[in-house]
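**Student:** Sequence:
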Amino acid sequence: MNRKMVFNTLGRMSLVCAACLLLPAAVSLIYGEYESVRAFAVVSAGAAALGFLLVLIFKSKNHVIYAKEGFAIAALSWIGISAIGAVPFVISGAIPNYVNAFFETVSGFTTTGASILEDVETLSHGMHFWRSFTHWLGGMGVIVLVMAVVRNVSDRSIHLMRAEMPGPVIGKLVPKARDTAKILYYIYIALTLSEVAFLWAGDMNLFEAFVHSFGTAGTGGFSIKNASIGAYSTYSQIVITVFMLMFGLNFNLYYLMLMRKFRAVMKSSEMRLYLSLFVISTVIITWNVSSMYDTLGEALKDSAFSVSSIITTTGYATADMNAWPSLSKGILLVLMCIGSCAGSTAGGLKVSRIILIFKQITREVRHMLHPRSVNAVKFEEKDVDEATQKSVAIYLAFYLLCLVTAFLLISWERFGFETNLTATISCFNNIGPFFGTQSCYANYSAFSKIVLSVMMMLGRLEIFPLIIGLSPATWKK
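The letter at position 191 of the sequence shown is residue 191 when you use the numbering used here, and the numbering goes up by one with no holes.
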């Protein structure tokens, strides 16, 4: 374990976090919210001091990052930025309780969108901006951001991307990992600004367009309105529906489009299944809820928005899904677990894993019928090696184990089976909304909030980076 490299990188992470805190400070200054300005300035200065201290103390000539360094950096970075990012809420008095502020910040960075705020409209502009900006930072990944802007990053730092980026297989778009990180952020920024322009052209002002674009881009779901996107026009709802779907796609596909490799894009089995799930689920739910609406068009709009929001694990809402029939809620619950494409900003198991799991089951059934047959598992027209197949099976086992464990830990809460189960599934899959008797997570105990915060991090980092990064065995020489 190269400890110096780990803590040096954490120092750089703290410096980037300090710089990011200046943006909501500037927004607060523009709106004359001086208490928020002070809170962001103090925390930014503290994060900068910590960052400089770590970089100076832990100087390392060896910039090579191997797998265990990648896991350690990913685990400690996400805990660290959440711990730092929660402090402005406490200092400003927006969320006085630190456990609540930590939960809200973890929810922001992990792009979950779960909230302890019963009235979000009481927050200042600066706090709204920071709350949504954490979605944007966490969507593509704070480590990927550091790789894109910081020099002297080894090409072996692809291990950092693999520790943070969601999906069973993560590779480089171009030979250098740092250039890959830059390309991903260029695409991410371009899509975000495009959405800002579309929303600004509608009924949102520039501030509203930015914060909701941050929430869409990171597939997070924090809104500045208690009614979420339901407070805005049909035009804005349609724009956000489309962009949620776009951010749920594998970002490698956008790179292929830029390279004009459209055939390769159209051949993507993951994309085809992802869009098919969206269309089929929307049609069934529209039919199921049509009697609750005055027109079929209104039912279709809300159904398409809700399916897009849930399958991309964004969590925005235009309707009370809790009041929908059991069939619709059941479909949405399944989509919560499936999630979107690997290499997107969304959570969940990922469509690629679902495809691989079913192909492995099919292969085993064929092998039982024809023991001497050799059936290779293929994905996107390529053979999937045994190591990847094994990792998918192990991930599914750990996924279920974590889900059951967390559910049992919070099951003592008095809110009932449906509420506690869907809250656990929602946090683990980085979605936010849940079914049951509660409108938000405010009434959960501090213990349950910590458990759910851990689940959000496990879901965002896909379990292993957090477990391995914090394991004592990882830190042994």
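Rather than coming from a laboratory, the hints here were simulated on the basis of the structure. Hints are not guaranteed to be accurate.
[Stated by the list, open to error] Distance windows between CB atoms, simulated: (1) GLU413 x VAL279: 32 to 38 Å; (2) GLY330 x VAL404: 38 to 44 Å; (3) PHE207 x GLU386: 47 to 53 Å; (4) LYS4 x SER269: 40 to 46 Å; (5) ALA446 x SER233: 35 to 41 Å; (6) ASN322 x ILE238: 20 to 26 Å; (7) ILE361 x LEU56: 29 to 35 Å; (8) LYS4 x LEU206: 42 to 48 Å; (9) GLY330 x LYS4: 48 to 54 Å.
Ideal placement from N, C-alpha and C gives every residue a C-beta, glycine not left out.
**Student:** The structure should be examined with respect to each hint, and the outcome stated for every one.
**Tutor:** Outcome of the hint check:
1. GLU413 x VAL279: 32 to 38 Å: Distance hint for GLU413, VAL279 holds at roughly 37 Å.
2. GLY330 x VAL404: 38 to 44 Å: 20 Å, violated
3. PHE207 x GLU386: 47 to 53 Å: Taking Cβ atoms as reference, PHE207 and GLU386 lie about 51 Å apart, which means the hint holds.
4. LYS4 x SER269: 40 to 46 Å: 43 Å, holds
5. ALA446 x SER233: 35 to 41 Å: Since ALA446 and SER233 have Cβ atoms about 39 Å apart, the given range 35 to 41 Å holds.
6. ASN322 x ILE238: 20 to 26 Å: 23 Å, holds
7. ILE361 x LEU56: 29 to 35 Å: Violated: the Cβ-Cβ distance is about 54 Å, outside 29 to 35 Å.
8. LYS4 x LEU206: 42 to 48 Å: Since the Cβ atoms of LYS4 and LEU206 sit about 44 Å apart, the hinted range of 42 to 48 Å holds.
9. GLY330 x LYS4: 48 to 54 Å: 51 Å, holds
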